[in-house]
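Q: Residues per chain are reported as follows:
2 protein chains.
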Amino acid sequence: MIKKGETVSEISILQKTKVVLAKGDGIGPEIMDATLKILDRAGAQIEPHFIEIGEKSYLMGNSSGICNNDWILIDKAKVILKAPITTPQGKGYKSLNVTMRKTLGLYANVRPVNAYHPFVETHFPDLDVVIVRENEEDLYAGIEHRQTQDVVQCLKLITRPGCEKIVRYAFEYAKNYGRKKVTCMVKDNIMKLTDGLFHKVFNEISSEYPEIINETQIIDIGSARLASNPENYDVIVTSNLYGDIISDIVAEVAGSVGMCGSANIGTEVAMFEAIHGSAPDISGQGIANPSGLINAAILMLSHIGQNKVAEKVKNAWLCTIEDGFHTADVYRKESSVKKVSTSEFADEVIKRIGKMPKQLPVSTLSKAKGKIEIPKFVRKIQNKNLVGVDVFIDWAGKIPKEIAGGLNSVKAINMKLKMITNRGVKVYPNGNKTTYCTDHWRCRFVGDKATMVGESPIYTSITFEQVVSLLAELNYAGFDVVKTENLYEFDGERGFSLGQGE
Amino acid sequence: MIKKGETVSEISILQKTKVVLAKGDGIGPEIMDATLKILDRAGAQIEPHFIEIGEKSYLMGNSSGICNNDWILIDKAKVILKAPITTPQGKGYKSLNVTMRKTLGLYANVRPVNAYHPFVETHFPDLDVVIVRENEEDLYAGIEHRQTQDVVQCLKLITRPGCEKIVRYAFEYAKNYGRKKVTCMVKDNIMKLTDGLFHKVFNEISSEYPEIINETQIIDIGSARLASNPENYDVIVTSNLYGDIISDIVAEVAGSVGMCGSANIGTEVAMFEAIHGSAPDISGQGIANPSGLINAAILMLSHIGQNKVAEKVKNAWLCTIEDGFHTADVYRKESSVKKVSTSEFADEVIKRIGKMPKQLPVSTLSKAKGKIEIPKFVRKIQNKNLVGVDVFIDWAGKIPKEIAGGLNSVKAINMKLKMITNRGVKVYPNGNKTTYCTDHWRCRFVGDKATMVGESPIYTSITFEQVVSLLAELNYAGFDVVKTENLYEFDGERGFSLGQGE
Chain Z
28 MIKKGETVSE ISILQKTKVV LAKGDGIGPE IMDATLKILD RAGAQIEPHF IEIGEKSYLM
88 GNSSGICNND WILIDKAKVI LKAPITTPQG KGYKSLNVTM RKTLGLYANV RPVNAYHPFV
148 ETHFPDLDVV IVRENEEDLY AGIEHRQTQD VVQCLKLITR PGCEKIVRYA FEYAKNYGRK
208 KVTCMVKDNI MKLTDGLFHK VFNEISSEYP EIINETQIID IGSARLASNP ENYDVIVTSN
268 LYGDIISDIV AEVAGSVGMC GSANIGTEVA MFEAIHGSAP DISGQGIANP SGLINAAILM
328 LSHIGQNKVA EKVKNAWLCT IEDGFHTADV YRKESSVKKV STSEFADEVI KRIGKMPKQL
388 PVSTLSKAKG KIEIPKFVRK IQNKNLVGVD VFIDWAGKIP KEIAGGLNSV KAINMKLKMI
448 TNRGVKVYPN GNKTTYCTDH WRCRFVGDKA TMVGESPIYT SITFEQVVSL LAELNYAGFD
508 VVKTENLYEF DGERGFSLGQ GE
Chain V
28 MIKKGETVSE ISILQKTKVV LAKGDGIGPE IMDATLKILD RAGAQIEPHF IEIGEKSYLM
88 GNSSGICNND WILIDKAKVI LKAPITTPQG KGYKSLNVTM RKTLGLYANV RPVNAYHPFV
148 ETHFPDLDVV IVRENEEDLY AGIEHRQTQD VVQCLKLITR PGCEKIVRYA FEYAKNYGRK
208 KVTCMVKDNI MKLTDGLFHK VFNEISSEYP EIINETQIID IGSARLASNP ENYDVIVTSN
268 LYGDIISDIV AEVAGSVGMC GSANIGTEVA MFEAIHGSAP DISGQGIANP SGLINAAILM
328 LSHIGQNKVA EKVKNAWLCT IEDGFHTADV YRKESSVKKV STSEFADEVI KRIGKMPKQL
388 PVSTLSKAKG KIEIPKFVRK IQNKNLVGVD VFIDWAGKIP KEIAGGLNSV KAINMKLKMI
448 TNRGVKVYPN GNKTTYCTDH WRCRFVGDKA TMVGESPIYT SITFEQVVSL LAELNYAGFD
508 VVKTENLYEF DGERGFSLGQ GE
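Top line first, the protein sequences correspond to chains Z and V. FYI, the numbering for the first sequence is 28 to 529, going by my numbering. FYI, the numbering for the second sequence is 28 to 529, going by my numbering.
Read the hints as simulated data drawn from the structure, not as lab findings. In this text the structure is predicted, and so the values were computed from the model without any measurement. Accuracy of the hints is not assured; some may be wrong.
Note that identical chains are pooled: a pair holds if it fits in a single copy or bridges any two copies.
[What the hints assert, rightly or not] Here are the computed lysine to any residue pairs in the SDA-like style, where the Cα-Cα straight-line distance is at most 20 Å:
no., residue 1, residue 2
1, K105, H76
2, K83, I99
3, K121, S234
4, K438, F491
5, K438, S496
One chain only, chain Z, in its complex shape (with noise of 0.2 Å):
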């Protein structure tokens, strides 16, 4: 806690936004005193509430590094600047940043990157990039399940909201702070039904702002281009996993991963934080850079309006870096002029407040239009038509025609085997004897009505009550059934996709 007396206690005089202010572990409570100095001598209008999360909350008997009365602050304040904290190593601790993303539905992760060449060494000087990654749901949903001897399962989930919430922050971000550019990555051309849907909504929505550009790129060859020439992108909308990776890439090739700040925007709270770790190695000495605290305070005070403030700390701390007085983990003898303390630097950052960086580009923060409403979500009702169910079987035989034969003996009501695959290649009729098999079959069972016109399949309805006789017949029968997926039309398109080689 600040004592009273002391330059951040002034910040309460005049009491405007409540902000959560996490001090965190390691060199977070030194980069965080600084940090708000430098606010308080800006004249940033904040009421701060300080919280102890991290290490002692998770040894306190946490498991997730929070106490409850700490939820009650952050849903009074609904803003929350979080320095870097320490998970300690060992079972039941959970990831605390994870945990705050989800629990506060905070769906959109914010990551500005911005060369600061020649004060800090890259390849690419005009690297000025914002990644927007969807923050909740995909793979990072956690959801796992091992189902046989051989095989385990994580499912990916893409949900409509999920995708609308983030490609529309992209969009008014990109507004907002006048960028001229939003790119789409995904990889629909094999995952056609969800990054499918990903690239579809980024279509439907950015119809709506014809005044920016707009273009999609495949992760992979996308993920080089951002890797090989940065300067070609500006600000970039993806998934949760292609979003953790790629803005890791843009950090690490701007050489700026020290300076880095990210926002994480949800519907009510939002959560401002440093790219980097709580660095224990260097803890207590006093020679942390503060910069990507600092720079996460920047976007905390965009972010609750105060874009004037936000706009007078990053050009004076431009013209801190332009200047070279540095921290010790970005001080060179041939760019540097002094290498300066964590409380130094601070220092030096506010004795520039006012002044304009003459070489990094200005900010200009202060022409941002203000903050970023996103509607609610408005869910569009299809016709759901549920035509089949795919029965995934553990068995631990290698010929396809075998398990086909004991399935197409079993007694469904109504309905028939249409296809086996394994992992996703169809080996059941018609397979090729040189695919692999494991142990964890997918037979797909459709309407006995089911037919083909031409190279398409036309479904028929069944009913869950025969999906439920199926699974009890086939577990009558001796089949060991792990897991189901219903197949269902929307509209009459099909919901589900073909086997490999179907």
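Keeping the supplied structure of chain Z fixed, place chain V upon it in accordance with the hints.
A: Chain V only, in chain Z's frame:
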């Protein structure tokens, strides 16, 4: 086909290894002719069998771009050298590459990437990395289901035989070609069961190769370091999606996308190809760079044990690059001597057979130990015990307690509702009101005697009859069950993840 009297016909005189050759589409035939001419003059002992795959085959009515006779030829020869093909636009045409990989069980995609600085520009002159990518499973099994208005799902499948084969291949490759280090990339801090399995298998197998350094990196920071410091890597082994991304990154930052070949290795069959596409825009002009296919052919020669010929071709090719005879794509005034056509390039390579490069590293392929053999997978059987089921319900409501109330009143024989999650986040019991809920509710049912001991749940066995009965009762009570995932313990160890916040 090659006519009698042409250079390539001489290959057939010394009948040795049968090789299926596919000239492909676009620039395919031009670069294949150039490559075969070089192989012939270098003394490659191959017996060529040409097949017609790609665009023509698609348009003749083969929806996967290959006809049945060609499968028979492949089955006999076991080795394929394939020029790039074009998949026609339009519905129903499936990626031939994916079909071939999966149908032939080509489990390993191997892509060596090198810098050819200063002849090809790069920031990383010493880059020399081999990506060994799992090629059959992961999200690319392509099993997708839409089951509610909001939510679409893709299954990520990771298997023990898949992990064992690819990891062992990576270590055997390193051993065979004198590589020093194998790096594993996973995201097992989030996906503890699926990526956890890959990591676990990596640890098991790496211990059998004490002479090779091993390390594991999280894919996000791993990709970032690969993009910024690729010279720190040697061999990298990873799963399908991550491998897709990082193999493009490394080729791009090396500047050598047009130069790379790759191998697709199966237990019986192997396929070799350039990593670039069929470039229809420059086809027929005789200006394409055949280097990608030449390097693929070098990988092929090494794979079939003709390492001396492989080395001879590689060194001649390196000399040609060094001597500044460059096709248009690589030509730069500063580092090139002459802009050459496809066939002129081949002639320049042929002129240099027997010569050694002076500046670029000399190929030492002839020191490779020989063919890589991977032992057959042996399944270890663990005791599998059914302890519950995750039932996924489509429900348009918003208040978790409402659906929980309904579920608790359903007659479940000796089972009870343990928790409900939405997109992986626990919302019942004791959810947080800010958690956003879609229409996709995962409802976990376990034996009614299951209990908690401290932080750890203790489960009890249930039968599949109980699961079937539960499904029938849920359906009768009006719940729309869209999918199920059984919960198992294996040798007493939990085979499923806990909910976020459970």
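Q: A separate judgement is required for each hint: does it hold in the structure or not?
A: Results of checking the hints against the structure:
Proximity of K105 and H76 under a CA criterion of 20 Å is satisfied intra-copy only: 11 Å inside one chain copy versus 69 Å between copies. Taking identical chains as interchangeable, the C-alpha atoms of K83 and I99 lie at most 20 Å apart only when both belong to the same chain, with a minimum of 19 Å there against 66 Å between chains. Within a single copy, K121 and S234 get their C-alpha atoms no closer than 40 Å, and across copies no closer than 29 Å, so neither meets the 20 Å cut-off. Taking the shortest Cα distances, K438 and F491 sit within 20 Å of each other both inside one copy (16 Å) and across copies (18 Å).
Taking the shortest Cα distances, K438 and S496 sit within 20 Å of each other both inside one copy (9 Å) and across copies (18 Å).
The structure shown violates just one earlier hint, number 3.
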